[in-house]
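Novice: First to last, the protein sequences are chains W and B.
The working numbering puts the first residue of the first sequence at 1, with every later residue one more than the last.
The working numbering puts the first residue of the second sequence at 1, with every later residue one more than the last.
Some hints could be false.
Unchecked claim - Below are the DSS-like pairs computed for lysine-lysine, each with C-alpha atoms no more than 30 angstroms apart in a straight line:
1. W:Lys139 / B:Lys139
2. W:Lys110 / W:Lys139
3. B:Lys139 / B:Lys180
4. W:Lys274 / B:Lys274
5. B:Lys139 / W:Lys38
Unchecked claim - Restraint ranges, calculated between C-beta atoms of paired labels, are given here:
6. B:Glu41 / W:Gly33: 44 to 52 angstroms
7. W:Arg142 / B:Gly33: 30 to 38 angstroms
8. B:Ala319 / W:Arg40: 41 to 49 angstroms
9. W:Asn95 / B:Ala62: 47 to 55 angstroms
As the list claims (entries may be wrong) - Residues of chain B clear of chain W, computed beta-carbon distances all greater than 12 angstroms:
10. His263
11. Ala266
12. Ser273
Quick caveat, the hints were computed from the structure, so don't treat them as lab data.
None of the values given here were measured: they were computed from a predicted structure.
Each residue gets a CB set at the ideal place from its N, CA and C atoms; glycine is no exception.
2 protein chains.
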Amino acid sequence: MEFKHQPTVTLAEVAEAAGVGESTVSRVLRNHGSFSGKTRERVMAAVERLGYVPNRIAGTLASTGSRLVAFVIPSLSNIVFPDVLRGASAVLEENRYQAVFSVTDYDPGKEEALAAAMLAWRPAAVMLAGCEHTEGTVKMLRASGCRIVELLDLDGDALDIAVGFSNRAAGRESAAFLLKQGYRRIGYVGHDLNRDTRAGKRFSSFCETLDAHDTQLVAREILAGASSVENGRLGLERLLARTADLDAVYFSNDDMALGGYFHCLAEGIAIPSKLAIFGYNGLDIGRATPQPLSTIRTPRVATGQIAAQLIVANAPPQAVDLGFELIEGATA
Amino acid sequence: MEFKHQPTVTLAEVAEAAGVGESTVSRVLRNHGSFSGKTRERVMAAVERLGYVPNRIAGTLASTGSRLVAFVIPSLSNIVFPDVLRGASAVLEENRYQAVFSVTDYDPGKEEALAAAMLAWRPAAVMLAGCEHTEGTVKMLRASGCRIVELLDLDGDALDIAVGFSNRAAGRESAAFLLKQGYRRIGYVGHDLNRDTRAGKRFSSFCETLDAHDTQLVAREILAGASSVENGRLGLERLLARTADLDAVYFSNDDMALGGYFHCLAEGIAIPSKLAIFGYNGLDIGRATPQPLSTIRTPRVATGQIAAQLIVANAPPQAVDLGFELIEGATA
DNA sequence: CGGCAAATTGGTAGCGCTGCCAAAAAAACC
DNA sequence: GGTTTTTTTGGCAGCGCTACCAATTTGCCG
């Protein structure tokens, strides 16, 4: 059951049909170089008549530099990454760039393999999440000569371009906020931090900030696997079973926090008087719950947009800090 | 600030370094055709030493048929599509295919333009949402000779391959369920149905089924813009302001339904005794709310997986019905 | 109307790889 | 040892397009 491509119309056939040279057709189609209005019309007519679709594979091979942008992202389940893609894709489409992607599942080894596979397409840029990569990945990317964009994490040395914000700062501000609100018996519910290094950074900064104010994290519950509402709910349940007298819980992100929030609703635990909840990401859904979730809103779509703009503009290496916004909400 | 590609290692250089012919290197690298173990080692050593990364652009151009799969999806905000991509991407990666995508924003005109742009990459397949497309899109896709996969909607004629389920059946079963539960004063809260034709189909089948049981939809509230939790909340609030004596509300999807659910929680409206809520999609979050959401679970990830498998296997044209599952939950 | 600059055009050599074919080497056979 | 097979190999013509350059046409001036 082999699939065969139908014979395709080529630029040469269009040239023939229009009675002009190949290079002329190429110029007209790319609107590059000079040609008369008359020629243009004849070419476009032939294109229309034959139903010609330019072959970008051939075009890319012949020219220097492609218009592909490769995304190597950890996950598609975590809305963070679709959000980034969304921002980037809008900008890229406007500029006739094409996005290609693959998903690492938070596995650095897989990231390396997928990045290698991506480089085979000779993209204009490779966009990766965070700034922790294997040595092999870094070496390969450096050697490729294509632009590298690291997204969503500014706590580290950028290879080329970095766009995002500081996760450490986010952890710090979260802790500072909870302390300011008077909470002292604070717990943590998180997901697999070895894989999600950005959540790990937030957590360690969070703890350091508590320390700096002579407060210790009272208890923590780390769940295996990815973040999810279900895991958040389960995590808080377990945490409270072990340590009942907490007054606030910091979650690894909003998904987890919403799970915790639902647990409290279900169990009749008063929020925030009996227990405060704080998340991370500022998902829209957290603004529509009966009590708006206290969290940190991150510029995910903007991260994608800016990253794409810098690539389109071929900007010099730089780190762009888009910051984040603490939302007081009503759960803390 | 023009960016220049660094000189890249080519297959010819590897051949030279390994002291073999170009075609031999090509055979070894693709593990295709015959070559001795000794040759293999020498080639691999040269590849390693020079840090050679094959150029898939050139490879694709030279060979027939590419390993690109193009996704033209309506949105990345609606988790449905990232879910489909997730399922597909896992299968494609295993088979050394590469996914490329673009986002139409539910705009058929944009779909046509983006599909055209995609075809320029000569993909092995184009995957689209639903089975409603402009005439131009259909004509172009047909002429391209590449495989076409229509996802998530089986209520229509498939161009080539279709994978998903019937949205009409989903609407029908939703109505039947609510009727069976004894609800008679039923309302609807939805988002822009002209753009999201699948939601439109569910809604019209829902109404038809009510009709068939001598029940009329009592009230409806359609919000402009995309579906969101916020809009669901707002929609239900408006609906109830106009029509207070409803006993159940059908939402265009789970995002909207969750918004409605939150509204009830906030307003102290007892669920389901005072008001029942029914959604669509079966999002994980709906299973973690204090009361599990009554909804229909759709096989989104599986849709992506199966679609990708069919393409990888070059399966003949067919429609694959993956069905869906009605989750009784506790809100209806 | 000649003469020169500017605007248009066409020819063609690659881009880096694969696929085909024939040549060479190795293995098998009588 | 001489063939006949079989396995390995290398050469090279494209894939469809762009970039460069040279040729041609057009426009403009005195």
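Novice: Against each hint, give a clear statement of whether it holds in the structure.
Specialist: The hints, checked one at a time:
Proximity of Lys139 (chain W) to Lys139 (chain B) is assessed by CA-CA distance (about 46 angstroms); at most 30 angstroms being required, the pair is judged violated. Between Lys110 (chain W) and Lys139 (chain W) the alpha-carbon distance is near 15 angstroms, which keeps this suggested pair within the 30 angstroms criterion. Distance check on the hinted pair: Lys139 (chain B) and Lys180 (chain B) sit about 44 angstroms apart at the alpha-carbon level, beyond 30 angstroms; violated. The suggested pairing of Lys274 (chain W) with Lys274 (chain B) holds, with an alpha-carbon distance near 29 angstroms, which does not exceed 30 angstroms.
For the hint pairing Lys139 (chain B) with Lys38 (chain W), the CA-to-CA distance comes to about 28 angstroms; that is within 30 angstroms, so the pair holds. In this structure the hint that Glu41 (chain B) and Gly33 (chain W) lie 44 to 52 angstroms apart at CB holds, the actual value being about 49 angstroms. Our hint of 30 to 38 angstroms for Arg142 (chain W) and Gly33 (chain B) holds, since their Cβ atoms are close to 33 angstroms apart. Look at Ala319 (chain B) against Arg40 (chain W): about 44 angstroms separates their beta carbons, and that is inside 41 to 49 angstroms.
The hint said 47 to 55 angstroms for the Cβ distance between Asn95 (chain W) and Ala62 (chain B), and at roughly 28 angstroms that hint is violated. Separation of His263 (chain B) from chain W is inadequate, the least Cβ-Cβ distance of about 8 angstroms not exceeding the 12 angstroms criterion. With a least CB separation of 4 angstroms from chain W, Ala266 (chain B) falls inside the 12 angstroms interface cut-off, contrary to its annotation. A cut-off of 12 angstroms between C-beta atoms confirms that Ser273 (chain B) is not in contact with chain W; the least separation is 17 angstroms.
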